[in-house]
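On the provided structure of chain A, position chain B with the ligands as indicated by the hints.
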Amino acid sequence: MTTADVIVVGAGPAGSAAALTAARAGKRVVLVERGPFPGSKNMYGGVIYGRVLDDLVPEWYREAPIQRWVTRRQTMIMTGTQALTVDYRTEAWGEEPYNGATAYRPDFDSWLADKAVDAGAELVCSTTVTGLLSEGGQVVGVRTDRPDGELTAPVVIAADGVNSFLAKEAGLYGEVDAANYTLGVKETIALPREVIDERFGVRGDHGVDIEIIGCTGDVPGGGFVYTNRDTIAVGLVLSLPSLAKGDVRPEKILADLKAHPAVAPLVEGGEVKEYSAHVIPEAGYDMMPEIVGNGILVTGDAAAMCLAAGIWLEGVNFAIGSGAAAGRAAAKAVDQGDASATGLSGYRSRLESSFVMQDHRRLREAPHLVMGDLAQKYLPAVACGVVEQVFQVDNPNPKPRLRKIVRSEMRRNGLRIRDAARDGWRALRTFG
Amino acid sequence: MAAHTPNPYPEISFEARMNSAEFRVHSDAHITLDDTHCRDCTVRGCITACPADLFVPTSDGGIVFNYEQCFECGTCYLVCNEEGAITWTYPEGGHGVVFHNS
Ligand SMILES: Cc1cc2nc3c(=O)[nH]c(=O)nc-3n(C[C@H](O)[C@H](O)[C@H](O)COP(=O)(O)OP(=O)(O)OC[C@H]3O[C@@H](n4cnc5c(N)ncnc54)[C@H](O)[C@@H]3O)c2cc1C
Ligand code: SF4
Ligand code: SF4
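Chains as they are written, first to last, in my numbering: chain A, 991 to 1422; chain B, 847 to 948.
Just chain A, with the same shape it has in the complex:
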C-alpha cells in the first residue's frame, strides 16, 4: 500500500504549486517540508511577480500576504563614488491586475502552502527527507528523518531548492560547478513606514525595487534595495568562486554598499532586523539537470529554473510555473499508471510550451553576460564617467562632443572598442 500518489519534497513556491495542482487533479499528495513552517528556510531579494498565479489562485492579489506593490523600478549603475540611475514609475502596477509585489517568504510560502492544503494535500513540516527509495531504477518514495519515516508513492517531485540532494541522488545532475552559483546575502532593515514613503517617494501600499550593477567591488555580482511596509531589504548576489578566492567577506561588501552615497541616505538610521543568506542557481539554462527521471520530476530552483541576470532577479514565478506543470504531469502519469520517465515526459513538453523554458532558453547567455567583465567592470565606470562629463559644465572651456567623451572614457578605463562591440552584439542578440 503506497502512502500517496505523489510526494512533493519542499514547500517552497515550486513544491506548493506542484502539490496544489496534483491535489486539484484528485491525487493523494503529501508535501514534506524540513522547516517548522513553509518559508522558514527561504530568503530572497524580495519581489514576487504574481501573474503566474492567475489561473492557480484567481484574484490572488486580494489575499496574498504582500507588503507593497512595486510601482517604481530603478536600475542603478554604480562605481565606488558615482551612481547612474534609470528610474521608471507607473501607477498601473499598483492597480489590478498588478505586476510585482514585495513580500516576506515566510508569509508568502506559508500562504501558498495553505492553498495546497485547501486543495487536499497533506502538509508535513519539521521533516527532512534524507534520501530516495528506489526499486530497479525506479524512484518509489523517500526516506525521512522521522522514526519509521518512509513514504512511498509512484511519483516523487523534487522541489527541494538550489542544493537539490534528491536530483543529485537520482543521478539527474552532471558535474556540480561552483561557478554556476552565487551567494545572496541580505539585511532586512527596520524603518518607520512614513520614513520609507518619504525616502523612496511612494505612498500607501506602493513600493520600490532597485537593482544595482557595479556595487560588488572585485567580486562579480550585483545588489538590490527593495521596500517592504516598514522595512527595507538591502542585499547582494556574489559569485561563489570569486568570493572563495578573494580576501573580502560578504558582509564587508554589504557594508560598503550601505555606505555608498547613493544608498546611505536610504538606509540611514535603520536597524538590522534580520540577516540572511541563501545560494542562487545563477547559470539558469546552462546548468539545468535532467528534469524527468523514472518516478521523479525536478522543479524550481532544484532544476536551476531561476533567472538571475542584472535587470531580472526572478525565481519565485519560475518555481510556481514549473511546479504547477510538474503537479499536473505527475497526476496524469498516476492516472495512466505509468510513472516511468516516458509516462512523466508531459512535464517537459508543458514547460517547453510555457514561459519557463522559453525565457530560459532565449536568455541562456544573459547570466554570463551580466557576470562578465563588460557589465561588471567596464560598463559602470564608462557609463558613469560619460554621464559625469556630459552633465558637468566646464566653462570657459567649450562643450566636448559626446563621441569624444565616450572614446576618452573607454580609453581611460581600458575598454577596447572591439571588445565592447563584441559583447554589445552578444547582448543585443540575447536581450534584443
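Each hint should be verified, as a subset may be incorrect.
Claimed, not checked - Simulated restraints on C-beta separations: (1) A/Gly1194 with B/Gly930: 53 to 63 Å; (2) A/Glu1280 with B/Thr888: 46 to 56 Å; (3) A/Lys1158 with B/Gln915: 24 to 34 Å; (4) B/Gly908 with A/Ser1343: 26 to 36 Å; (5) A/Gly1194 with B/Val889: 45 to 55 Å; (6) B/Val889 with A/Asp1138: 41 to 51 Å; (7) B/Gln915 with A/Gln1128: 38 to 48 Å; (8) A/Glu1049 with B/Thr882: 33 to 43 Å; (9) B/Pro903 with A/Arg1052: 22 to 32 Å; (10) B/Glu861 with A/Gly1127: 45 to 55 Å.
Hints are computed from structural coordinates only; laboratory data are not their basis. We treat Cβ as the ideally placed atom computed from N, Cα and C, and that holds for glycine.
Okay, now just chain B with the ligands, sitting in the frame of chain A:
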C-alpha cells in the same frame, strides 16, 4: 567598491547581525569538518565565503568549524576543494535557521 568611501553610519557588529536571525540548534551537528584535509588545501575558500563566518583558521594550519549559526546555504561544500573535508546535510526537521522577515 572603493575602499576610500567613508562609512558615515556605524556598522553593526558581526555578532549582532548574526543574532538577528533565529537558530533552533539541534544537539547533532548537520555539517562536520575533517580538517586533516584542510592542511593541504590551497584555496581555503570556506573562510571568506561562508556568510556566517563559521570557518576559522587556526595557527597550526587547521580550521575550527562551528555549526550552530549556519544558514544551510551550501556555499561551503560548493567552494571546498578537498574531497571529504566537509560532510554536509540539512539539520534534523524543525531545527536550524528560521527566517521571519526575509
Ligand atoms: C538573494 C536572493 C534574491 C532573490 N531575489 C528574488 C526575487 O526578488 N524575486 C524572485 O522571484 N526570486 C528571487 N530569488 C530566487 C528565488 O528565491 C528562488 O528562485 C525560489 O525560492 C525557488 O523556489 P523553490 O520552491 O524552487 O525553492 P525554495 O524556495 O528554495 O524551496 C525549497 C524548499 O524545500 C525545502 N527542502 C529542501 N530540502 C529538503 C529536504 N531534504 N526535506 C524537506 N524539505 C526540504 C526547503 O526548506 C524549502 O522550503 C532570489 C534568491 C536569492 C537567494
Ligand atoms: S552552509 Fe552556508 S552558512 Fe552553513 S557553514 Fe556552510 S557556508 Fe556557512
Ligand atoms: S575549502 Fe575545504 S579543505 Fe579547504 S580549508 Fe575550507 S573546508 Fe578545508
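Against the structure, the hints:
no.: 1; hint: A/Gly1194 with B/Gly930: 53 to 63 Å; in the structure: 56 Å, holds
no.: 2; hint: A/Glu1280 with B/Thr888: 46 to 56 Å; in the structure: 33 Å, violated
no.: 3; hint: A/Lys1158 with B/Gln915: 24 to 34 Å; in the structure: 26 Å, holds
no.: 4; hint: B/Gly908 with A/Ser1343: 26 to 36 Å; in the structure: 54 Å, violated
no.: 5; hint: A/Gly1194 with B/Val889: 45 to 55 Å; in the structure: 50 Å, holds
no.: 6; hint: B/Val889 with A/Asp1138: 41 to 51 Å; in the structure: 42 Å, holds
no.: 7; hint: B/Gln915 with A/Gln1128: 38 to 48 Å; in the structure: 40 Å, holds
no.: 8; hint: A/Glu1049 with B/Thr882: 33 to 43 Å; in the structure: 59 Å, violated
no.: 9; hint: B/Pro903 with A/Arg1052: 22 to 32 Å; in the structure: 53 Å, violated
no.: 10; hint: B/Glu861 with A/Gly1127: 45 to 55 Å; in the structure: 50 Å, holds
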